[in-house]
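A.B. asks: Can you build the whole structure from these sequences, using the hints too?
Below, each chain spelled out in residue letters.
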Amino acid sequence: MTEERSAVVVRDVRKSYGDLKAVDGVSFTVAEGEFFGILGPNGAGKTTTLEIVEGLRKPDSGEVRLLGESPWPRNVELLPRIGVQLQATAFFDKLTAKEQLQTFGALYGVSAGTAADMLELVGLADKANEQENKLSGGQRQRLSIACALVHDPDIVFLDEPTAALDPQARRNLWDVLRAIKERGKTIVYTTHYLDEAEILCDRVAIMDTGRILALDRPAVLVRGLDAPTHVTLQKGVLSVVDASALDGVDEAHEDEVSLTLSTRRPAPVLSALADRGALDGLQVRTATLEDVFLNLTGREYRA
Amino acid sequence: MTAFKTLSVAMLKGFVRDKVTLFFTFLFPLMFLVIFGLLLRDGGTDKTRIALVGDGPIAAALRDSGALELESYNDVDAAVRKVKDGDLPAALIIRGQQVDVRFAQSDQVQSATVLGIVNGFVDRANLAATGQPPTFTFAAEKVEDASLKPIQFLTPGILSWGVAVSAVFGSALTLVSWRRKQVLRRIRLAPISTASVLSSRILVSTGVALIQGATFIGIASLPVFGLQLSGQWWLAIPLLLLGTIAFFALGMLVGAFAKTEEAASAAANILVLPMAFLSGTFFPVDQAPAWLQTVSKIFPLRHMNDGMLDVLVRGKGIEALVVPGAVLAGFSLVVGFVASRVFKWEE
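Those protein sequences? They're chains U and H, same order as listed. For the first sequence, our numbering gives the first residue as 1, with consecutive numbering after it. For the second sequence, our numbering gives the first residue as 1001, with consecutive numbering after it.
Be a bit skeptical, because a hint or two may be false.
Claimed, not checked - Here are the simulated distance ranges between beta carbons: (1) H:D1286 <-> U:K58: 52 to 58 Å; (2) H:Q1228 <-> U:E120: 55 to 61 Å; (3) H:E1346 <-> U:D19: 31 to 37 Å; (4) H:T1194 <-> U:G43: 58 to 64 Å.
Unchecked claim - Below, simulated EDC-like cross-link-like pairs (lysine to aspartate or glutamate); rule was C-alpha separation at most 20 Å, straight line: (5) U:K94 <-> U:E69; (6) U:K98 <-> H:D1018; (7) H:K1084 <-> H:E1071; (8) U:K181 <-> U:D280; (9) H:K1019 <-> U:E130; (10) H:K1181 <-> U:E132; (11) H:K1013 <-> U:E130; (12) H:K1344 <-> H:E1261; (13) U:K21 <-> H:E1261; (14) U:K94 <-> U:E34; (15) U:K134 <-> H:D1018; (16) U:K181 <-> U:E120; (17) U:K58 <-> H:E1346; (18) U:K235 <-> U:D216; (19) H:K1019 <-> U:E132; (20) U:K58 <-> H:E1071; (21) U:K94 <-> H:E1071; (22) U:K58 <-> H:E1347; (23) H:K1181 <-> H:E1071; (24) U:K181 <-> U:E198; (25) H:K1013 <-> U:E132.
To be clear, the hints were calculated from the coordinates, so they are not data collected in a lab. We put the beta carbon where it would ideally sit given N, CA and C, even for glycine.
C.D. replies: Below is the structure:
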């Protein structure tokens, strides 16, 4: 990945508010067409980082390049090429979904017809004439993403688009995000849902207290943990003693409903269980990004 | 240009769909116009009413002249009781050639008026009785003076006030709400100049001001209120536009400091309401003490009011716009400049 092909380049960016180092030496690059996630708990510095990259804030030091240009000070040449969805859902007063899109489109010189087409992409075509404040939380989030995409930007920044949504609305939004990626956009987004980032992102940066602790593909981060796989069976299928004796099992323990085996070599364990016909209620849980976070910080992940 | 047009349309829609704003822009000032217009309809000073007992040539002459209103009583005691109770300032008692006046001494101005009028009629009757031609002659004629019927000063005053309120609130609340909802940040992230955004919002405000002008003047001209416009009423249009811009700038200044809509609305009220009372919105400012009249000259609303009065009802020409126009333009420039210095994109 050469830097000329990179959509976003961030080099050693720092930003302090008084004694608080909100962003403390952050560097990363995002390739064109990549879906890049910035993860971490509230207060990790995700939003400040994103705002510096978008050109809304000036970093104390360090360098940012978007498509080869500096976003600070306000770079009018660059603005049409980036789309930003802000954390608060920023809308004009008393306008319908369609009018919001047309008005935001007008800020970029986009025709009213093109703007209205965006409703289709985010699945709000049937809500075109509803006023924004009558929409549900998930619908407003989708509308605000549509407003960020209305001028067909190359890079899209989304700040916690799935925060405070119910599970169904979150999954609907994932489809929207995937559809945007299909269109070849570069997406940079922040979230505090690690499970979601694992599913959606090509690469993730895990942030805590203003620093990036790890940056890679989610699968690579998880594999690098060398964390055991947990195999859970229905209680009574196998005794704890028998289970402990199986090839590859590091540890076995039982509670009221299930028997759990820890292993670093799941393949022989699963085939041995299959040989014994002991697959009732089988569940396999591998490590997740939450385990990665736990491993990096030494504390449980709390969004 | 499309951006400017679309933004203006968007803001106009937002304005029209907001019932509360519509109320405070149109109905609220109209309420004042209607209430004061009806309350003060029989304005000017009323004729003095006195009691009358008995009749004769002097009573007839008084009645014909219309100088006093006469309320007839049959007996002297009833008439004098009216005076004692403070209901009437004086009682005129005529017994043949004898004319007596019993007056209340509490209101000396009114008593003097009554005594003067009655005395005048008695003297004239005496002179006529002698059959001599008068040595001195005396004639009186009416002159249109500077004092106005209430609706004539209420309409320009309430119009200026209504325009000022909606311009201040319009700009202050839009600015604060856009900052809070991060619409300002979105605009900053779009390749559009702040001048386009600002001018489209000002266009909406001036459009609203013109509609206010047409509505208020239209209603005040109804026969119940009876507003009489002077020949060059259209000179009010440039004044309306300048006034809107001046108060829009004031709203931007309020919006730069206020963090919430509630704070902005309180601050705007604190600025505009006293200004309205001291600038002749509800009563002519020339009835106020001299020092207050001087103080009120620092308010842009006072000058807007003066200009409106001059061109709408006093029949003055374009020269009447010079001072108000210069004050409003200067105010816009100074306040607008300060507002742009203290303007904040985010909280």
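A.B. asks: Against this structure, judge whether each hint is valid.
C.D. replies: These are the hints, each one checked on the structure:
no.: 1; hint: H:D1286 <-> U:K58: 52 to 58 Å; result: holds, 56 Å
no.: 2; hint: H:Q1228 <-> U:E120: 55 to 61 Å; result: holds, 59 Å
no.: 3; hint: H:E1346 <-> U:D19: 31 to 37 Å; result: violated, 22 Å
no.: 4; hint: H:T1194 <-> U:G43: 58 to 64 Å; result: violated, 32 Å
no.: 5; hint: U:K94 <-> U:E69; result: violated, 36 Å
no.: 6; hint: U:K98 <-> H:D1018; result: holds, 18 Å
no.: 7; hint: H:K1084 <-> H:E1071; result: holds, 16 Å
no.: 8; hint: U:K181 <-> U:D280; result: violated, 39 Å
no.: 9; hint: H:K1019 <-> U:E130; result: holds, 17 Å
no.: 10; hint: H:K1181 <-> U:E132; result: holds, 13 Å
no.: 11; hint: H:K1013 <-> U:E130; result: holds, 14 Å
no.: 12; hint: H:K1344 <-> H:E1261; result: holds, 15 Å
no.: 13; hint: U:K21 <-> H:E1261; result: violated, 32 Å
no.: 14; hint: U:K94 <-> U:E34; result: violated, 36 Å
no.: 15; hint: U:K134 <-> H:D1018; result: holds, 15 Å
no.: 16; hint: U:K181 <-> U:E120; result: holds, 16 Å
no.: 17; hint: U:K58 <-> H:E1346; result: holds, 14 Å
no.: 18; hint: U:K235 <-> U:D216; result: violated, 38 Å
no.: 19; hint: H:K1019 <-> U:E132; result: holds, 17 Å
no.: 20; hint: U:K58 <-> H:E1071; result: violated, 85 Å
no.: 21; hint: U:K94 <-> H:E1071; result: violated, 63 Å
no.: 22; hint: U:K58 <-> H:E1347; result: holds, 16 Å
no.: 23; hint: H:K1181 <-> H:E1071; result: violated, 69 Å
no.: 24; hint: U:K181 <-> U:E198; result: holds, 15 Å
no.: 25; hint: H:K1013 <-> U:E132; result: holds, 13 Å
Taken one by one, the earlier hints fail for this structure at numbers 3, 4, 5, 8, 13, 14, 18, 20, 21 and 23, listed in ascending order.
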